[in-house]
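Peer 1: Take the sequences, apply the hints, and build the full model.
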Amino acid sequence: MADNTTVIGKATRVRGRLTGKADVDVQGFIEGEITVSGDVTVDSSGIVDASVRGRRLLIRGAVRGDLLGEESVTLADGARVVGDIRAPRVAIALGALARGSVETVEDRAMSPASARVQSVARPATSAGHRGAPATAGPSRAVAPALVDRSTPKTQASVSASASVATATASADGTPVHAGPRRPPPPVVPSLKKAKAQILKKRER
Amino acid sequence: MASTVIGAGITIEGEITTEEDIAIAGTVRGKLSAKEVVTIEPGATVEADVQGGSLVIGGALTGNVTAGDRVDLQAGARVVGNVKAARVTIADGAQFKGNVDMDL
Chain A
1 MADNTTVIGK ATRVRGRLTG KADVDVQGFI EGEITVSGDV TVDSSGIVDA SVRGRRLLIR
61 GAVRGDLLGE ESVTLADGAR VVGDIRAPRV AIALGALARG SVETVEDRAM SPASARVQSV
121 ARPATSAGHR GAPATAGPSR AVAPALVDRS TPKTQASVSA SASVATATAS ADGTPVHAGP
181 RRPPPPVVPS LKKAKAQILK KRER
Chain B
1 MASTVIGAGI TIEGEITTEE DIAIAGTVRG KLSAKEVVTI EPGATVEADV QGGSLVIGGA
61 LTGNVTAGDR VDLQAGARVV GNVKAARVTI ADGAQFKGNV DMDL
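Heads up: the protein sequence lines correspond to chains A and B, in order. Under the numbering used here, think of the first position of the first sequence as 1, with each following residue one higher. Under the numbering used here, think of the first position of the second sequence as 1, with each following residue one higher.
A couple of the hints might just be wrong.
Derived SDA-like pairs: lysine to any residue, alpha-carbon spacing no greater than 20 Å straight-line [said to hold, decoys possible]:
(1) A:21 / A:35
(2) A:21 / B:29
(3) A:10 / B:53
If you're looking for bench data, these hints aren't it; they were derived computationally from the structure. As the structure is a computational prediction, the values presented were derived from the model and not from experiment.
Peer 2: Encoded structure:
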């Protein structure tokens, strides 16, 4: 077969799981996990509403779900990702939006079991960095093709330098959250009161 | 070349809805709704109810088939299910078990 790439076209919508061995190119909409041993490309018109797992992931479009690359994960300019990113090599280009934790892990740590354990354990970590104190975590996670393979694991929340680069470059100005995910701020009762008073005034 | 291609070695479990041509060389389980041409290539396995503008079937299909225009079963096709379309052709060498409904 000449071309073994699977293409989900622009006017196509898939609700369900996509698994297999070939490369996948998503230009349309997928609502369901993608698990392939080939490369996955999510084009600028592509939307994936679930986790994506493949050899090399190239994201130009939108993904809401975790990204797991056996070799690498690349977020190109214009990518919008809400979810955790995990791969031996991770690159986030200027102009890409990311929200979630980023972890560069060695290939051996990519087995499904350990990946699951890590994702479960993640919310419990309070600080942004969990890697060895001597390593410069964030910059390493961001710089494309600059991953030092001698360090077994470097973890960084998409905060420090990554979010500075991405947040300033984002076209719509959507800020990237600094630090680990926090619960929303509590509703201030006095605000409610003030609003009620304003509404009352208007009624008169 | 169809705009959406499910390559050999790929399995989709769920529902596919498309408004463009779709070619399937892999495996699809669930439901497939298309407005244009649906091509099920030789070697493909489809276990789904299929709806489309017109259908060309060369692979294995289990499920009911409805087409707005026509359904062509090519030689080598293996279809189990009911076929409903204005025009239906079954090539010599196609295996088929089910009802044909060409009412309009």
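Peer 1: Give a verdict on every hint.
Peer 2: How the hints compare with the structure:
The suggested pairing of residue 21 of chain A with residue 35 of chain A holds, with an alpha-carbon distance near 9 Å, which does not exceed 20 Å. Between residue 21 of chain A and residue 29 of chain B the alpha-carbon distance is near 17 Å, which keeps this suggested pair within the 20 Å criterion. As the CA atoms of residue 10 of chain A and residue 53 of chain B are separated by approximately 18 Å, the hinted pair is consistent with the 20 Å bound.
Of the numbered hints listed earlier, not one is contradicted by the structure.
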